[in-house]
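K.L.:
These protein sequence lines map, in sequence, to chains V and H.
Under the numbering used here, the letters of the first sequence match residues 1 to 319, in that order.
Under the numbering used here, the letters of the second sequence match residues 320 to 435, in that order.
One thing to keep in mind: the hints can contain errors.
To be verified - Covered, in the sense of this in silico footprint (three residues per stretch, anywhere, with C-beta under 8 Å from a C-beta of chain H), are these stretches of chain V: (1) 39-53; (2) 252-262.
Unchecked claim - Going by beta-carbon spacing under 7 Å, a handful of chain H positions derived as facing chain V: (3) Leu413; (4) Arg414; (5) Pro415; (6) Thr417; (7) Thr418; (8) Pro420; (9) Pro422; (10) Ala423; (11) Gln429; (12) Thr430; (13) Gly431; (14) Ser432; (15) Gly433; (16) Gly434.
Claimed, not checked - FRET-style restraints, in silico, Cβ to Cβ: (17) Thr417/H with Glu121/V: 43 to 53 Å; (18) Pro144/V with Pro422/H: 44 to 54 Å; (19) His61/V with Asn425/H: 44 to 54 Å; (20) Asn425/H with Glu121/V: 23 to 33 Å; (21) Pro411/H with Gly172/V: 23 to 33 Å; (22) Asn425/H with Asp79/V: 35 to 45 Å; (23) Thr417/H with Pro72/V: 25 to 35 Å; (24) Pro422/H with Asp79/V: 40 to 50 Å; (25) Thr418/H with Arg46/V: 43 to 53 Å; (26) Ala427/H with Glu169/V: 37 to 47 Å; (27) Ala427/H with Asp282/V: 13 to 23 Å.
Quick caveat, the hints were computed from the structure, so don't treat them as lab data.
All C-beta atoms in this analysis are idealised placements derived from N, C-alpha and C, irrespective of residue type, glycine included.
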Amino acid sequence: MTAVAAPPGRLRFSALGTTAVLITDDPAALAPAGRAVRQVLSAIDRTCSRFRADSEISRLHTRAGRSTAVSPLLAEALDAAIRAAELTGGLVDPTVGAAIRALGYDRDFALIKGSDPEPAEPGIPAPGWWRLRREPGSRRVVLPRGISLDLGATAKALAADLAAAAAAEAAGCGVLVNLGGDLAVAGRAPDGGWRIAIGDDHATAERDPAVTVAVASGGLATSSTTRRRWRRGDRVVHHLVDPRTGDPVVPVWRTVSVAAASCVDANTASTAAIVLGAAAPDWLRERAMPARLVAADGRAVTVAGWPEPEPEPEPEPIR
Amino acid sequence: MSRAHTSRFAARDRGVRRVRTVTVWSAAGSAGLAVATAIALVPGTASPASDRAATSGPDAGAAPAATPTGGTAPERAPGTAGPHPRHTTSAPRLRPPTTPPAPATNTAPQTGSGGS
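The following block holds chain H by itself, in its conformation from the complex (with noise of 0.2 Å):
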């Protein structure tokens, strides 16, 4: 084999060489990205104290609170199915009234609500 021949085989090796050190740093980075990713996704919500007892700290052995606040998707039925998942969870909640309804008996109504 010549001189030549040989470099020609010696600069493909490094060449696949090189191409498979790139494809393996590239799926290491591509894992990495999607792992960060999918932490960066995780709604505050899903967060330990919004459905399980807490294993460390001042809570640690306590019972999650009943009701997670912040809007988060109502409770349901058994067998019914599930909302869709949430995508933000900076919405302030549904406003009550600053005075509940009162009762107004013995008075005519000036309007009415129903269905419509």
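Excised from the complex, chain V in its bound form (with noise of 0.2 Å):
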């Protein structure tokens, strides 16, 4: 007799205005594990929401100018930011705080509405991560006055890596943590690797996947201007911010995907990609970041061992 292994366990919910999905291998360790998710997810929204006036970094911002000792969360989430901000030299950049509300993206995104009749205001270039203060060693931050912090990216794909590591922990098996399609694994694999079917949203992907993937461990990332769209006056803008600029990003790309050792590092330059445009490629490779790039005209191209896509079979001869 032939023993079949059970499915494993899954758990979907919705969390940091999006969805969050567990998947475990041992369907027996679901409740531990979807507990120990909970309670990380509701750490990073407690200390790293923008849209809650009691979350941290809101209180970190109502001590503009002095300086400050924060949770180990935070400084772990800042520290984050600033780390992507200096590896993508300000493609991500998280003092994008005041260019993102100007754009109208100030409360839950499920709060906005479709469409503004009042136009975007001028963009506001992002003022440079380089200009907060972080003590060596110390939890202690300075945010200097009229910076605004947006953690966005970089807090999500945080969430992700360490929902992952507190569940596989907490369970003792293999497990995958996706948050709006920001996922992390950690634990022993399922054999053949966790299938991840990646498309423009990752609400209808795993439906309709343009590719499918398997990964064994770190994280995978896709961001796209697909998706948190909305019109201000006579333009349709999105969330993906240039932090050169203050505008939304001119899509060359509108969707790219990258594997990466942890989440946080496939998010960065998964955004990095978006908002570098032609050059994001060329970048990834020289990176070694697998990636597969999905252009504005639906043209795909992958670089740095990420999958090739199956040649289309050659039809048959007619006889």
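Both chains are sitting in their own frames, so use the hints and assemble them into the complex.
P.N.:
What follows is the structure, given as structure tokens:
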């Protein structure tokens, strides 16, 4: 008699303004893993949400200009954001808060009206991450007055990394945590790896994948200009802002997916690639980051070991 | 002019000379400090090896490496705005996965990744 492996456990719920999915290789471990994930995501929300007046980052803004001791989690989130900015030369920059607010993204996205007749304000270039003062070896930070932080991208990716690690420890098996398309895996992966469908929209990718890849470790993130869009005046804007101009990125790529050793690194690279535009494939190749980029016209490019698309079978000659 | 009056002028002249001397030395000191600070703040990636050919040593005349290492600012399309200047050069590089993603054909996906 052949033993049939039980299907993995699966939990889906709303968190951090998106959909969270937890998969455990051992279905019996779903409950403890789920508790661990919810605990991490709740902590990230209380710490890093710019939409909550009671979040720690909101309190940090009220203490602008003064040296402030922050929690270990906020220190880690700030360090992740600053590192992302350094490694991308400012293509990903946490000081874009004012630019994003000026575009109208000033509350949870679910509360943003699809169309606002007021034209968007002119772009506000990011003041620059280097203005943040982190005292080495301590948890003290000085946020200069007039700078507004948005840790959105890196904080969500950090949440996936931390949640996957916590869930794997609680469950004692392989786990996958997916936060709106930014995912991290931890523990022993199932045979053949975790199977991830890639698409423009995380909500439909599983039903209608453009491609499916297997991932055994680390993280995978997808950035896209096709989601979180809204109308301001006579133009459509989206949430991916070029820190250099403060304007939404003019999309060369509509979707970029990157695999990395962590979800933070994958998200950093995928966001930078969208902002960088035409030079992104070379930039990713030089950093050996496997990636799939989909141009605005639908043409897909793969780099640095991302699986090549299978060639279309040639039609049989008519005899 | 009385002797006392002359002495007062002499004392005043000595004071003016001293102030001038201190001013000159202060200006020189400030300029020196500014130069020293500028040298200290030049990042490592701005060294000749990053964007110029070497003019001496074993690599003299050789073309520079195409891509500076150490996570420097990315290349950009002509005509686009440059990224902000960097303030540190100590950050490690982005970390690729230990194994790249593998093709997974003919199997049902377990979850999806896309824009959100």
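K.L.:
Hint numbers the structure violates, sorted upward?
P.N.:
The structure conflicts with hints 1, 20, 24, 25, 26, 27, although it agrees with all the remaining ones.
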